[in-house]
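Residue numbers (the UniProt record's numbering), protein chains in the order written: chain X, 1 to 278; chain H, 1 to 254.
Among the hints, a few may not be true.
Said to hold, decoys possible - In silico DSSO-like links for lysine-lysine, alpha-carbon gap of 30 Å or less: (1) X/K204 - X/K238; (2) X/K204 - X/K68; (3) X/K100 - H/K24; (4) X/K100 - H/K160; (5) X/K128 - X/K204; (6) X/K80 - X/K68; (7) H/K24 - H/K81; (8) X/K145 - X/K100; (9) H/K249 - X/K204; (10) X/K128 - X/K145; (11) X/K80 - X/K128; (12) X/K238 - H/K81.
In short, the hints are calculated from the structure, not lab data. These numbers come from a predicted model, not from an experiment.
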Amino acid sequence: MSDTLLSVENLRVTYPTRKGPAEVVRGVSFTLGRERLAIVGESGSGKSQTGRAILGLTPKPGIVTADKLSFDGIDLRGAKPRQWRALRGARMSMVMQDPKFSLNPVMTVGAQIMEALAFHGRSSRAEKRDRALAMLEAVQIRDPKRVFDAYPHEISGGMGQRVMIAMMLVAEPDLMIADEPTSALDVTVQVEVLRILDQLVSEKGMGLVFISHDLRLVSTFCDRVLVMYAGRVVEELKASELHRAQHPYTRGLISCLPEIDTDVRPLPTLDRDASWAL
Amino acid sequence: MGLLDVINLDVIFGEAPQQVHAVKGVSFSVREGESYGIVGESGSGKSTVLRAICGLAPVSGGAIELGGREVVSPRGRDFYKTVQMVFQDPYASLHPRHTIDRVLAEPLAIQGFDNREERIERALSDVGLGPGFRFRFPHQLSGGQRQRVAVARALILEPKVLLLDEPTSALDASIQAEVLNLLDRLRAERGLTYVMVSHDLAVVAHMCDRLLVMQHGRAVEELTRDALRARTATTDYTRQLLAASEGYKPAEPK
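With the rest of the complex left out, here is chain X (with noise of 0.2 Å):
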């Protein structure tokens, strides 16, 4: 269960600017098992970035240099589009945010599916209508006929962030990063889909790379945090040991949170320390 799948160090995406180059991320470095590992941090700390990068999906004009970036013994750093494609869908695979800009809307949500499949391993369009059909019933879609024949705007926001699921797991990747999969769904839905992930983790032994702004269900969901500002790990620690977090962001990003319990009047405001962004 332990042997690790990836392993990064010092990971940096840089963008050029008109004042000089930016630096997104700095110095990022962690391993990953077969186990569900969190990045949380704010809107702009780099976390989207870092999980982008290691599946070599930076936008140009950014560059990304690691003094390692390997995955189950590949080493990713200069991979060429060959192997890229080879590795990406297949072994390694994303799921972003908003299932509105990452679906195709002109095509169905059936035939996307079986696009996945008809990429990495051969097999007859009988069996990879199969295996689509049956991972959208895995995903939990009461009605997977209808959805397979559906095009992307004749389903609702939690099918399509569910259907965008099954079409990255459908071919059993070894790693799945995951970039605010619920985030966009209601907290009903969302459970649904936590659950769907949990399972692959731990019947399949997938490794998981969940990043979220949402520590509350972190803590609740994965394993390891790794809590991220300004580009850099501020802290990695266990889910389960969140409240005894040392750094002051991670402490503050917990206690300004409001809780159904609680009053606390007003909510402790989180002083930006100079210091955390060096």
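Using the hints, position chain H against chain X.
Showing chain H alone in chain X's frame:
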């Protein structure tokens, strides 16, 4: 009878074949000085109720009463002097090519207020923004600062009732705390009445004395903050929301 009464409200969009019945017979009453919450998931009609109150959605059935008098459509100028709204997305609700000064001056001009200079400066300082922000454009502000401007824009007319549509859902947690504190302080200082819509039970429990749970356009349950804390919700749906707001729990034994 409260300051704001919503009586058996129906909101219907569109014509017969594609009609959407967004709000179905919702009633509630908000007392003066109270903070009232509406929670529900997307599509529950919670925002539509707010929009119907301020005239942005049609009142297809039932009535809305302000201070015991039924409001007319279109709403008059005096209605907006009493009731103002803060919208969900501070990135979309401020005109991108108007300076903050212009955003704040417009309602004053419409309502014929005097001392506009002074009022704009005070409105900005009330929400914790200095005079330095006055001539900036929205793109020069952060999300939290924009939402402060939206609150300032609503409060500059000195309304009694503030309708808040998910005022913090587009903001980071630490900024959310700042905006909630600001709203809390302003209510205490000015005796404002709030109607606040949110999908986040914790935010509503923090801000509101009473709340209404909505699902599929209907009011499911009305409960007080104390009842929410005591977990004495009577409907399954409210209990489900409460459970979900506590984070993820591994599959429960069936």
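Mind checking the alpha carbons of X/K128 and X/K145 for me, to see if they're no more than 30 Å apart?
-> OK: X/K128 and X/K145 at ~14 Å, within 30 Å.
Going straight from one Cα to the other, do X/K80 and X/K128 come out at no more than 30 Å?
-> The given pair, whose Cα atoms are some 28 Å apart, holds under the 30 Å limit.
Within a Cα-Cα threshold of 30 Å, do X/K204 and X/K68 meet the stated pairing?
-> 26 Å, holds
Proposed proximity, H/K24 with X/K100 (alpha carbon, max 30 Å) | 28 Å, holds
Has the given pair, X/K145 with X/K100, been kept, meaning a C-alpha gap of at most 30 Å?
-> Within the cut-off at roughly 21 Å; holds.
Would you check the hint for X/K128 and X/K204, treating anything up to 30 Å between C-alpha atoms as holding?
-> 20 Å, holds
For the pair supplied as a hint, X/K80 and X/K68, confirm whether the alpha-carbon distance does not exceed 30 Å.
-> 16 Å, holds
CA of H/K249 to CA of X/K204, is that 30 Å or under?
-> Status holds; Cα separation ~20 Å.
Given hint H/K160 paired with X/K100 - CA-CA distance at most 30 Å | Roughly 39 Å separates the two Cα atoms, so the pair is violated.
Distance restraint between X/K204 and X/K238, which requires alpha-carbon spacing of 30 Å or less | 22 Å, holds
Between H/K24 and H/K81, is the straight-line Cα distance small enough, at 30 Å or below?
-> 28 Å, holds
Pairwise hint evaluation, H/K81 against X/K238, where the allowed Cα distance is 30 Å at most | 52 Å, violated
Comparing the model with each numbered hint stated earlier shows that hints 4 and 12 do not hold.
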